[in-house]
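J.: Residue strings, one per chain:
Protein chains: 2
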Amino acid sequence: MPSMYETSVPVFIRALDNLSTILEKGEAFAKAKGTDPSDLVETRLIEDMDPLRAQIQRASDSAKGAGARLTGTDNPSFADEETSFSELQERIAKTVSYLKGLEAKAFDGSESREVTINSRRVAVTMSGQDYLLKFALPNFFFHVTTAYDILRHKGVEVGKMDYIGQL
Amino acid sequence: MPSMYETSVPVFIRALDNLSTILEKGEAFAKAKGTDPSDLVETRLIEDMDPLRAQIQRASDSAKGAGARLTGTDNPSFADEETSFSELQERIAKTVSYLKGLEAKAFDGSESREVTINSRRVAVTMSGQDYLLKFALPNFFFHVTTAYDILRHKGVEVGKMDYIGQL
Chain F
1 MPSMYETSVP VFIRALDNLS TILEKGEAFA KAKGTDPSDL VETRLIEDMD
51 PLRAQIQRAS DSAKGAGARL TGTDNPSFAD EETSFSELQE RIAKTVSYLK
101 GLEAKAFDGS ESREVTINSR RVAVTMSGQD YLLKFALPNF FFHVTTAYDI
151 LRHKGVEVGK MDYIGQL
Chain L
1 MPSMYETSVP VFIRALDNLS TILEKGEAFA KAKGTDPSDL VETRLIEDMD
51 PLRAQIQRAS DSAKGAGARL TGTDNPSFAD EETSFSELQE RIAKTVSYLK
101 GLEAKAFDGS ESREVTINSR RVAVTMSGQD YLLKFALPNF FFHVTTAYDI
151 LRHKGVEVGK MDYIGQL
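Chain order of the listed sequences is F and L.
Just so you know, the first sequence maps onto residues 1 to 167 in the working numbering.
Just so you know, the second sequence maps onto residues 1 to 167 in the working numbering.
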């Protein structure tokens, strides 16, 4: 059976590495078109939805929040100040570095650890396993996919295998 | 530790149920606007990307493919003939029904079962656990999220909690 660690940390790291490659293609696309890459960073699928920048920030928060909640350790606060592709790449690198610093054994027993999150401004408490499978993983993949979808929508030549990564 | 069953079947069913609600909102939106719901079913984020219809079909395939490969049983073939919201709802219902018919104990040991998939037309063999965590789950959430993103992009009033569902 996959451990709580295996079901979270390496899954997040893998997808964040793929997201980094996807962002590289986005930046290269903007430069090749002679457009300002910062415009792409601010692109949204619709005006009241988060822009590319925020999709990366939320994917980062999802991954580090899961790492912290499942190990019962402090959740490092990353300011949402990124406005360029290079800063978003740093945000991803910082998140991966944090995840790599977590020890697998710190996740032992986390399936039954009580986790509380705020959903629609209401505190909801659940087991670590429910938190990971019902909230953290779906939410994380939502933001990684939406980042991909924003770039794909704008014409960046990314393909599904950039999202899945090498198998 | 979450079992292979717990990490797959209930996760898929939950997200497919949420996807059904999201599609209901999409259909209601088209009707309220007085537009043909079938046009929304054919909507894409960009011309060479799969339309809404195909995102549902691929989410369905991802979920049932994982169920079949992890249990070493036949993968039921569902023809990709859906062209309306009601047919897409049937596709989701059929997929959920198939998943509900799988027994949890049929997944025992599937973490080390050899699974072969075709990626970029090349057969890739990996353990059931790698297949689930590196391919099936990310791929499944990709298609569910992209279905959401297409509807959101067109102005359908869906929110992230429709995607996450009740916690």
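Be aware that one or more of the hints could be misleading.
Stated by the list, open to error - The calculated label-pair distances, taken between Cβ atoms and stated as ranges, are:
id, chain 1, residue 1, chain 2, residue 2, range
1, F, 46, L, 17, 17 to 27 Å
2, F, 35, L, 76, 44 to 54 Å
3, L, 118, F, 122, 27 to 37 Å
4, L, 24, F, 124, 15 to 25 Å
5, L, 48, F, 165, 18 to 28 Å
6, F, 77, L, 39, 40 to 50 Å
7, F, 49, L, 104, 14 to 24 Å
It should be emphasised that the hints constitute simulated quantities derived from the structure, not laboratory data.
Even glycine gets a Cβ: it sits at the ideal position worked out from N, Cα and C.
J.: The structure should be examined with respect to each hint, and the outcome stated for every one.
T.: Hint-by-hint comparison with the structure:
As the Cβ distance of residue 46 (chain F) to residue 17 (chain L) is approximately 24 Å, the hint placing it in 17 to 27 Å holds. Against the hinted window of 44 to 54 Å, the Cβ-Cβ separation of residue 35 (chain F) and residue 76 (chain L) comes to about 46 Å, which satisfies the hint. Judged by the Cβ atoms, the range 27 to 37 Å given for residue 118 (chain L) and residue 122 (chain F) is violated: they are separated by roughly 44 Å. At roughly 24 Å, the beta-carbon separation of residue 24 (chain L) and residue 124 (chain F) lies within the given 15 to 25 Å, and the hint holds.
A beta carbon spacing of about 21 Å between residue 48 (chain L) and residue 165 (chain F) agrees with the range 18 to 28 Å that was offered as a hint. Between residue 77 (chain F) and residue 39 (chain L) the C-beta distance comes to about 44 Å, which sits within the given range of 40 to 50 Å. Checked against the hint of 14 to 24 Å, the pair residue 49 (chain F) and residue 104 (chain L) fails, with Cβ atoms roughly 37 Å apart.
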